[in-house]
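Q: Residue strings, one per chain:
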Amino acid sequence: GAVVSQHPSWVICKSGTSVKIECRSLDFQATTMFWYRQFPKQSLMLMATSNEGSKATYEQGVEKDKFLINHASLTLSTLTVTSAHPEDSSFYICSALGGTSGRYNEQFFGPGTRLTVL
Amino acid sequence: RKEVEQDPGPFNVPEGATVAFNCTYSNSASQSFFWYRQDCRKEPKLLMSVYSSGNEDGRFTAQLNRASQYISLLIRDSKLSDSATYLCVVRSGANNLFFGTGTRLTVIP
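Same order as they appear, the protein sequences are chains V and S.
For the first sequence, the numbering used here gives the first residue as 1, with consecutive numbering after it.
For the second sequence, the numbering used here gives the first residue as 1, with consecutive numbering after it.
There is no bait here: all hints are sound.
Each computed PhoX-like pair below joins lysine-lysine, with the alpha-carbon atoms no more than 20 Å apart: (1) Lys45/S <-> Lys41/V; (2) Lys64/V <-> Lys20/V; (3) Lys66/V <-> Lys55/V; (4) Lys42/S <-> Lys41/V; (5) Lys66/V <-> Lys20/V; (6) Lys55/V <-> Lys20/V; (7) Lys2/S <-> Lys41/V; (8) Lys14/V <-> Lys66/V; (9) Lys79/S <-> Lys45/S.
None of these hints come from the bench; they were simulated from the model.
Fair warning: this is a prediction, and the values are worked out from it, not measured in the lab.
Just chain S, same shape as in the assembly:
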């Protein structure tokens, strides 16, 4: 079983739409959780960390459910510039990051 599983998409949504991505992880002892954004042929960049209490950064809201080992990312009022691949990332053990395969989002004008 993979450490991190994500729906690969693609998600094609119109500008202004709200879209949600989900992710599950297999190691219940995982310590930290993140959403990264990766543009085509570029390195991943940290979008936001995910906390048990849930956290929001502008149009982006991340939530963590440790009991279900489930992480989500909600994007409101989608912009064209949000088009990218969103990677669910889990840290387990000594600073090892495990990446999901990513969910591709395309925001359509």
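So here's chain V without its partners, still in its complex pose:
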């Protein structure tokens, strides 16, 4: 149980295009999901907290108009990188707050999406 999937796992796009990344909790409902970004040899940095049915909460320095987050259901959150540029190339990882008994406070991570912007 507590499996989180991400799609796509790897994407290459041209500068200026938009890319949508999906994060799904497969066997549990997640009212809260998190989006992280990790640059090579650096730590994971929280970008935003996504709550089902409400607007996402963005961390300082993260542009909400550039990184659009939609959490329309209890099992799906999407991150859209709009007008992507090479500096947006990174490893994007989502996590979902566990909803099962005894594990409600644990974050389960998706496998990540590697974005390369040419």
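Starting from the known structure of chain V, arrange chain S on it as the hints suggest.
A: Chain S in isolation, oriented as in the chain V frame:
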């Protein structure tokens, strides 16, 4: 000051060795503490939670010192499969996790 600070390493140790990683955190109100393991180009995976009383899981022992705001992880009898980056993670506030930069471990045959 970073929320969580770790020695990035790398640590290169022979099989069978004992290795220890340390981590400090800045927010004294932090509530929960974890060690995660991250393999290259993969997502982090929970290795173990860290409790004030210290806890052990097989070859892995984690300790927390709230007074010094210090967390440690000890790995005994290192295996080749232990090679990975170990992330010190602290939860503060409403379920926000703060990650250290990670300590890279390579176990050498």
